[in-house]
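Residue numbers (this note's numbering), protein chains in the order written: chain A, 1 to 294; chain B, 1 to 355.
Think of the hints as simulated: they come from the structure by calculation, not from any bench.
Heads up, a few of these hints could be off.
[Unchecked claim] Some chain A residues well away from chain B (every beta-carbon gap over 10 Å; in silico):
hint, residue
1, 167
2, 205
3, 264
[Claimed, not checked] Which stretches of chain B does chain A cover? Using the computed rule of at least three CB atoms under 8 Å from a CB of chain A, they are:
hint, stretch
4, 53-59
5, 91-100
Only a predicted model underlies this, so the values are computations on that prediction, with no experimental measurement involved.
The beta-carbon is built from N, C-alpha and C at its ideal position, and this holds for glycine as well.
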Amino acid sequence: METRLPLSLRLAARGLDGVTLLVLPAALMLVALFIYPFGYGLWLSFQPKDGSLLGNYLKFFSDAFLYNTIGTTLALALPVTLINVFTAVPVAFRVRKMKNQRVLTTILVVPITLGTVLVAEGMLNYFGPQGWFIRALVSFGWFSPGEIRLVHNYWGVFLSLVITGFPFTFLLTLSYVSGIDPALEQAAATLGARAAARFRHIFLPLLMPGLAITFCLAFVQAYSVFPSAVLLGAPAGPTRVISIAAYQAAFEQYDYPLASAIAMIMGAVQLVFVIAVLASRRLFYRGPAAGGKG
Amino acid sequence: MASNVSFRSLRLDGVGRDFGTMTALSNLTLEIARGEFVALLGPSGCGKSTALNCIAGLLPTTHGSIWLDDRRIDTLAAEQRGFGMVFQNYALFPHMTVRSNVGFGLKMRNVPKSEADLRVAQAIATVRLESQAEKLPGQLSGGQQQRVAIARAIAIDPPLVLMDEPLSNLDAKLRLEMRQEIRRIHQNLGCITIYVTHDQEEALSLADRIVVLRDGAVRQIGTPEDLYARPASLDVAEFMGYRNAIHGKVAGRRDKVVSLAVNGTTLEGVAQGEIAGDAVVAVIRPDDLIPVSQTMPGIEAVVEAIEFRGHDFFGSARAVGGEELFFRAKSRLAMGEKLRLGAETSRVLVYPKGA
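Assemble the whole structure, with the sequences as input and the hints as a guide.
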């Protein structure tokens, strides 16, 4: 008679053993902190106060004061993300060859650890009408007093998103750039490729998948901007971003179902961009960025 | 596809490279004629890769100059030198097919497509990879990747092909095959090949001329036969496979033949260069050291290990003076057996101590 292996061994062969249990805490956290709230929010968004099914969504898309927030937020998040990603690439290329990378990385991480609120407070002073920056510009005679404003408008939020977002995109980009075998560039050079050609034919194609991921993460972060839009922007007008609309629905009108619906719409917009960018990654080579064995 | 570039020679004139206060390579002077295959040989850290990178233009020199005929090239960037280089890890572009990899250099030179296609096909045929041309490097085996790297380097018709330990990532069998392949390709091209390796066997079998480097300095330049038979110094001898080093004192001389007194017995060898002092070192290859009768010159030793090699046996023994000796034997000897080991006088090289 054929002897059967013990159950534990048969499970192990299918990838289930004691170690698998270590996944459990994380899985529970995921359910409790993400899946359940998301499911609940989705369900809630279909329970509008008027009793219909799609009332919240209809309300959002029929009220310009609400649906315009999609465009307002995009007008901030898209340029900021593009600027951050595209400035991170050349900086990362330079830093890759630096000896004191750690010092610079530490300096760049500071804005991330300080948090957006502290950065916003600092910017209010520095870029405010009486701040050093504006006063310096005025004293150089480049602008007359009151001619430019860098806080409590679009540019205040824009700058704060660049300042807090750049370190993040830079660190990600640096890791992708450092992951490319330097011998590939040398090989391209010996084959006659000048710096621009080496970038275009070797680095760029190998970086694209990483840059796409970086773009997605930075975009999602920028699209959900809230504190700096309130503190540094004009939350009633030009920087009335979608998260402000959700906040007002929830905590000023106490309409949680509408707030949930707005949050779902916000998520959907982010998803559309992420999917579009990730899908375009298919056009590029995805694999190890090293030139062979060894 | 012989190289179309007309040139006569490459000349290195006192080439050196310092890293801060550390000297990686000093005063490398060498003239290489077209068609020559030169190996830079030495242990790791000897400066051989530094030399190669300086020639390729990947590392600026700090001393000296490099000339292709009358044209000074050490001031040019790597992309302006037009040398083909094969990297140790191959450095194939992972996102390009074999064909695009091989064609990259021609594309950078704006060679018309019809001509480029032809030359790429030739280069791929030279390394016998026609059937793999549309694959990505990641889909190829190590040996095939190696061939692609060679094809890519030769497709641009370079006056000079530089190879940085190209076989070190391959297994023993493939290494032998590729060695012959590299030699064949070199002969067909008729360009200069400079080949960096730490493997003396590879250098001896491939090169027309070998440059032995150590601690950034040139120790000897010569043909494989020269280096094998007449190493200029003790450390070169050691590197060329003279594994047995026996210390002794000069007991007598007839012309170049020196008698050494070694712990009560004598050994005869050929003096290499001037021997001024009394203390000398004799070096012998394991294959030349064999058991001899008690009446012959030789060294007393005790057998420590013996292994079967097929046509003979390879043994190690402890000499009375404490040195470990490696020798060849015709029969299996017993452990602990006492014997006298000797070699033909011409096979024993005697150097002054400290040379």
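Against the structure, the hints come out as follows:
| no. | hint | in the structure |
| --- | --- | --- |
| 1 | 167 | 29 Å, holds |
| 2 | 205 | 5 Å, violated |
| 3 | 264 | 38 Å, holds |
| 4 | 53-59 | holds (count 3) |
| 5 | 91-100 | holds (count 5) |
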